[in-house]
Amino acid sequence: MARLILLNKPYGVLCQFTDEAGRATLKDYLPVPDVYAAGRLDTDSEGLLLLTDDGALQHRIADPRHKLPKTYLVQVEGEPDEAALAALRRGVDLGDFHTRPCEARVVAEPGWLWPRDPPVRFRKTVPTGWLEIVLREGRNRQVRRMTAKVGFPTLRLLRVAIGPWRLGELLPGQWREVPAADAAAGREQPAGLAAGAAPAGRRAPRAAGRAEASRRGRTR
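Residue numbering for the sequence shown follows the working numbering, starting at 1418 and increasing by one per position.
Rather than coming from a laboratory, the hints here were simulated on the basis of the structure. Warning: the hint list may mix true and false statements.
To be verified - Here are the computed lysine to aspartate or glutamate pairs in the DMTMM-like style, where the Cα-Cα straight-line distance is at most 20 Å:
hint, residue 1, residue 2
1, Lys1484, Glu1554
2, Lys1566, Glu1554
3, Lys1566, Asp1480
4, Lys1444, Glu1594
5, Lys1484, Glu1549
6, Lys1541, Glu1526
7, Lys1566, Glu1549
8, Lys1566, Glu1496
9, Lys1541, Glu1520
10, Lys1566, Glu1520
11, Lys1541, Asp1513
12, Lys1541, Glu1496
13, Lys1566, Glu1499
14, Lys1566, Glu1437
15, Lys1566, Asp1510
To be verified - Distance windows between CB atoms, simulated:
hint, residue 1, residue 2, range
16, Asp1451, Thr1545, 40 to 48 Å
17, Asp1480, Pro1544, 20 to 28 Å
18, Trp1529, Pro1581, 14 to 22 Å
19, Ala1473, Val1543, 22 to 30 Å
20, Pro1450, Glu1526, 33 to 41 Å
21, Asp1436, Thr1542, 33 to 41 Å
22, Pro1450, Thr1542, 13 to 21 Å
23, Glu1437, Gly1568, 34 to 42 Å
Ideal Cβ positions, reconstructed from N, Cα and C, are used throughout, including at glycine.
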C-alpha cells in the first residue's frame, strides 16, 4: 500500500534530499527511505509538504490538471483592500502566464504561528496584513508574484493544506504518516489526525545546526 507522509518544511530547507553545497535538505528532517516529494515548496517558504513512495499518488497530488486545492497563509506588506482581493480572485496577468481564478480573503494573524528564523524584516512605517489564498495550480513562486502584482509583496508564505491533508499542529521539521489506505484513496483525514493528534516524527539531530547555518544572513 502507498505511504504518504506530511512534513512541516522549515524555512531555508531545500525541497530535495541531497545538496552538493551542504545546505539543509529534507534528509536532515525525514529519515524515511524511498519517498519523494509530491510537488514543490520554495526554499524560502514554509509549511506542508507531502511525500510518498507511490508514483501514481505523487502524480495525482502534484499535477495541476487534477485541480487539487492548495491553501496558503500569506503575510504581505501593506493592508490589502477589496480591489486587490478582487484582482487575485479573477486571475492575474504575470506576463508569462495568466493565473486561474482563485479564492482570496483577508484573515487575522494566526495566533498559533511559530516565530520564523530568521525573523521577517519589517518597515516601521508600513503595516502588514495576512491573506488566505487557495490555488488549484502551482507555478514557480506563483503566490509571491501574484501578491506583488496587485501591490502587496509577500513577506512570509506558509502552505497549510493540500486537498484533504492539513498541516495541523506539526511544528517546523516534524512529520507524521497518514494511514496507507487513506493515502491511496485520497480520503479526508480523521479529525484527530488533522488536528495534529498523531505522534510527530523527530527531525534528524544535525538538522537544526545545518538549517541555522544555511539561513544565516537571510531576511525573507
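Each hint tested on the structure:
Using a Cα cut-off of 20 Å, the hinted pair Lys1484 and Glu1554 holds, with the two alpha carbons roughly 6 Å apart. Between the alpha carbons of Lys1566 and Glu1554 the distance comes to roughly 17 Å, so the proposed pair stays at or under 20 Å and holds. In summary, the hint linking Lys1566 to Asp1480 is not supported, as the alpha carbons are separated by about 25 Å, beyond the 20 Å threshold. Under the criterion of a C-alpha separation no larger than 20 Å, the hint pairing Lys1444 with Glu1594 is consistent with the structure, at around 16 Å.
This hinted pair checks out: Lys1484 and Glu1549 have alpha carbons roughly 18 Å apart, not beyond 20 Å. Between the alpha carbons of Lys1541 and Glu1526 the distance comes to roughly 17 Å, so the proposed pair stays at or under 20 Å and holds. Restraint check for Lys1566 and Glu1549: satisfied, since their Cα atoms lie roughly 16 Å apart, inside the 20 Å limit. For the suggested pair Lys1566 and Glu1496, the alpha carbons sit about 14 Å apart, so the restraint of at most 20 Å is met.
Restraint check for Lys1541 and Glu1520: not satisfied, since their Cα atoms lie roughly 30 Å apart, outside the 20 Å limit. Between the alpha carbons of Lys1566 and Glu1520 the distance comes to roughly 16 Å, so the proposed pair stays at or under 20 Å and holds. Between the alpha carbons of Lys1541 and Asp1513 the distance comes to roughly 34 Å, so the proposed pair goes past 20 Å and is violated. Using a Cα cut-off of 20 Å, the hinted pair Lys1541 and Glu1496 holds, with the two alpha carbons roughly 14 Å apart.
Proposed proximity of Lys1566 and Glu1499 is supported: the alpha carbons are some 15 Å apart, at most 20 Å. A C-alpha spacing of about 34 Å is found between Lys1566 and Glu1437, which places the hinted pair above 20 Å, so the restraint is violated. The hinted pair formed by Lys1566 and Asp1510 meets the criterion: a straight-line CA distance of about 8 Å does not exceed 20 Å. The hinted window of 40 to 48 Å between Asp1451 and Thr1545 holds, with their beta carbons roughly 41 Å apart.
For the pair Asp1480 and Pro1544, the beta carbons lie near 38 Å from each other, so the given range of 20 to 28 Å is not met. Look at Trp1529 against Pro1581: about 20 Å separates their beta carbons, and that is inside 14 to 22 Å. At about 46 Å, the beta-carbon gap between Ala1473 and Val1543 misses the expected band of 22 to 30 Å. The supplied range of 33 to 41 Å is met by Pro1450 and Glu1526, whose beta-carbon atoms lie about 38 Å from each other.
Between Asp1436 and Thr1542, the C-beta spacing of about 38 Å keeps the proposed range 33 to 41 Å intact. Here the CB-CB span from Pro1450 to Thr1542 is close to 50 Å, at odds with the stated 13 to 21 Å. Distance hint for Glu1437 and Gly1568: a CB-CB separation of about 39 Å, consistent with the stated range 34 to 42 Å.
Consistency note: the structure conflicts with the earlier hints numbered 3, 9, 11, 14, 17, 19 and 22.
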